[in-house]
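2 protein chains.
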Amino acid sequence: MELTGCDQGMDPQTGEPVGAAVAHTTAERVHRIGWAAAEAAGRLAALPLTERAGLLRAVGAALEEARDELVALADRETGLGPVRLGGELTRTRVQLEFFADAVEEGGLLEAVVDPADPAALPAPRPDLRRMLVPLGPVAVFAASNFPFAFSVAGGDTASALAAGCPVVVKAHPGHPGLSARTAEIVGAALAGAGAPDGSFAVLYGTEAGRALVTHPAIKAVGFTGSEAGGKALLDLANTRPDPIPFYGELGSLNPTVVTPAAIAARGAEIAAGFVASFTLGAGQFCTKPGLLFLPVGHDLTPALVDAVRAVPVGPLLNARIRDGYTEISAALAGVAGVRNLTPVEQPERERAGYRVPARLFAVSVPDLLARPGELLAECFGPAALVVEYADAAELVAALSILPGTLTASVHADVPTDEAFAAQLIELCVARAGRVIWNGWPTGVAVTWAMQHGGPWPATTGSLHTSVGQTAARRFLRPVAYQGVPQELLPPALRDGNPLGIVRRLDGVLGVDGLMYVDGPVTG
Amino acid sequence: MELTGCDQGMDPQTGEPVGAAVAHTTAERVHRIGWAAAEAAGRLAALPLTERAGLLRAVGAALEEARDELVALADRETGLGPVRLGGELTRTRVQLEFFADAVEEGGLLEAVVDPADPAALPAPRPDLRRMLVPLGPVAVFAASNFPFAFSVAGGDTASALAAGCPVVVKAHPGHPGLSARTAEIVGAALAGAGAPDGSFAVLYGTEAGRALVTHPAIKAVGFTGSEAGGKALLDLANTRPDPIPFYGELGSLNPTVVTPAAIAARGAEIAAGFVASFTLGAGQFCTKPGLLFLPVGHDLTPALVDAVRAVPVGPLLNARIRDGYTEISAALAGVAGVRNLTPVEQPERERAGYRVPARLFAVSVPDLLARPGELLAECFGPAALVVEYADAAELVAALSILPGTLTASVHADVPTDEAFAAQLIELCVARAGRVIWNGWPTGVAVTWAMQHGGPWPATTGSLHTSVGQTAARRFLRPVAYQGVPQELLPPALRDGNPLGIVRRLDGVLGVDGLMYVDGPVTG
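Read top to bottom, the protein sequences are chains A and B. The first sequence: position 263 = 263 (full-length UniProt numbering), numbered continuously. The second sequence: position 356 = 356 (full-length UniProt numbering), numbered continuously.
Hints were generated in silico from the structure; no laboratory data involved. For clarity, every value in this text was computed on a predicted model and none was experimentally measured. Treat the hints with care, since some could be wrong.
What follows is a list of derived Cβ distance ranges for each label pair [to be verified]:
no. : chain 1 : residue 1 : chain 2 : residue 2 : range
1   : B       : G229      : A       : T342      : 34 to 42 Å
2   : A       : A20       : B       : A228      : 30 to 38 Å
3   : B       : P491      : A       : G337      : 52 to 60 Å
4   : B       : A276      : A       : D235      : 31 to 39 Å
5   : A       : D235      : B       : G229      : 17 to 25 Å
6   : B       : G5        : A       : R29       : 51 to 59 Å
For glycine and all other residues, C-beta sits at the position ideal for the given N, C-alpha and C.
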């Protein structure tokens, strides 16, 4: 798919080239883009918060205005369908607006004002004021599976701009035409809204991406993609003369646990919900539930198999993902103890484009514990593994060996299961960034409370999220101002809170003249 | 100083052994300590916040109770003197109490509650609640130069306990007797206050430290020490099968800029203040101002030289620091263009114990720009370099090549210097974690607003601080709970805010029934 020297879009429905190829960015141009971003950084950081928010809103509005064109372009290169892609474009716009709101509130600056205290121990305390400042230019590696929401104008770009950082995107080769067109739209919107030259650029090609990670002007990297690709770039970031933070979202197994009581209460609903979730978007979500823990003797197999056979599954995004899916699901089928619940009748080569069959396997906990390395490999695409546990001890043993994951779901029934459910949730919290009760992990809401991240290998940095307002925290660092006169302080730290932002004054969180009450908000 | 198999304390006043040697911890014992910490992690995390705060207060009280014994022990092994050490013990206790207060306030959980929203775009939103949870066992590498505040019960330990994480300290070999005694006191205080077994341990020896960083149970590392030592451990942390965050505070040049107007207004005071700051604690602070930028033609040299000759400087902490100081300051003296303002008359070998002379050098900006690598090496100990700038352009050029630093100080005069001072502050913010106006960087107040960190190589992670309340953020990760019933939620996330903590409800920060007004606090 990735030709030498250019990215060529392919139609997943046919496997044929679509649109013009986009040339890879030369090393010389990466060099210039990086330094242009460095030039822009100070001016971008200095924009008032309202203008910074305006940049985000301008990008959102421009994407909305080009909706029909962009959705059509995305569908040609990804095959994800206009309904899903339209929803994703909405999410991308809403996300930009959400960050704009957060920028205006100012809470993301984490401003703190500590007046001088001559009585402090062990020594008198000077006037100290602290806020977060932008790290500098951010490299963003776009994902294949979200051509809007995790691509050129996606969450990493939005959160880096919200932090006040210039952005250089390395486009995903799977949708080069869409990337190039989105880049034009975003670039024009930013320029029109007053962003300094150099605030935004998109480049193409693996070598250009590597040059970007090692560019001295780049101060952080956001990445969504495979564990192997992410690990290679992480190593590059770590071995720079000045190591920089690398935020990689690398994939996940997303275990789902079902108790006997939940099956008794809602078995059919659970079987249908699971198949719908793991086949959604042809299973190409980092939150796809890849493991389903069911009690031995459950009666859900017929319902699961029927649902898998009935579900329409779109083509995979590209030939590499299709080949990976075919290889890993075949390997899974061959592991000792694994039963293939959905043997394939139709020869795969007769399927059009990058289409593949959905697949469901089953294994017992003892067999899983015997071969965790082979059975816990992520299979990107519409496949999942049912793991059957004989009792609570087996379930706990199996959960305890799972690697870090983005999500973990528990289907149980209260009050029947209450004590056991508490233990299951504790096990899930220990290894997941999001714990879901009686629901499915696909569908990541963009809210203040969302956490999209998790312990290694789900992400390279479990302290952070790539979705939700705190995603901007990845691209900010604290600076304290000691004894600095009012006129030389940033407005966010001046006496009287001229920006009216949320900040901590003398240890107390608040904002001018507003009352906050948790419970019904009355202020 | 570090004998094979044990740490032997040495008296810096005499260079003679003092106290009994402490045996290095065996690999087998490191293994057990790590797993004991893993065992403790869940129970420690589950303690109510008031009990977690109680652990911190108990440690502070126990240290206070043993004040006389600990200060005497510390003085024997560090030679820092009872006044400084008494103040440092106070700081250490106050720091533990400060974290206890922050734990009780609950803001460090960053709790967020987003009620379900059926009207949300692009899709209805589930109930989502998010808080920070402890990472798990933390390894803390103690520093030589703060035997209390950055050692066994220092800031890393306090902030990790505040986060709810078990702590395993690798003691610094420079004060083994003090470390062992502090370990007994802290361990007993924690056990008495209800900490689970395994919550705290101290180990000894370089190999034990390396084994600790690679121990599967360890989830983060706090380190204060040299760039070489920190980089070696950072590489170990990064190349684990599961890389873990490594927070290294590696040292700093701490540039200080003085404008002509400031000299005209307060020249004598600046000269005296600078010498007092860079020789304080024998120059063994990571915040020691190592560079002083003065305008060409200034008249401060006699005052600086007189102050250096007059200041009493205690012995350095150990033979390795003394040898490093001697070597690096000699190398500095030999660089082309460097003038030695304080040539030494007395043969060094006649000085008692680990005493060294304070030293001051001078160089021009052009000479600095010609040999930045040689001239910008940190010299730990009582030495500093005056850099003379011909004009504003030279000063800006010199500041622009400085590496990341913990602090940067500006001595200027407003309104005379206002425009130039604004530019200087901007340059400082770009490369420092704390910017100080008309003051000195030594003395790090423990407050909400303190930032002790900075861009590489000052620290390995500029997003974080090792002093102040947000230091606990290094050892916490976010978890979102989706649709979880009230009775299975952590109390911090339940409806009605039963803990009465600061949290964000439906996008608005606040706490039950309290009014926060920035300006005079009236709630």
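Here is what the structure says about each hint:
In this structure, G229 (chain B) and T342 (chain A) break the distance hint of 34 to 42 Å, their C-beta atoms being roughly 55 Å apart. Distance hint for A20 (chain A) and A228 (chain B): a CB-CB separation of about 52 Å, inconsistent with the stated range 30 to 38 Å. About 42 Å separates the C-beta atoms of P491 (chain B) and G337 (chain A), a value inconsistent with the hinted range of 52 to 60 Å. With their beta carbons about 45 Å apart, A276 (chain B) and D235 (chain A) fall outside the hinted range of 31 to 39 Å.
Judged by the Cβ atoms, the range 17 to 25 Å given for D235 (chain A) and G229 (chain B) holds: they are separated by roughly 22 Å. The given range of 51 to 59 Å is respected by G5 (chain B) and R29 (chain A), whose C-beta atoms sit roughly 57 Å from each other.
Hint check: violations occur at hints 1, 2, 3 and 4; the rest are consistent with the structure.
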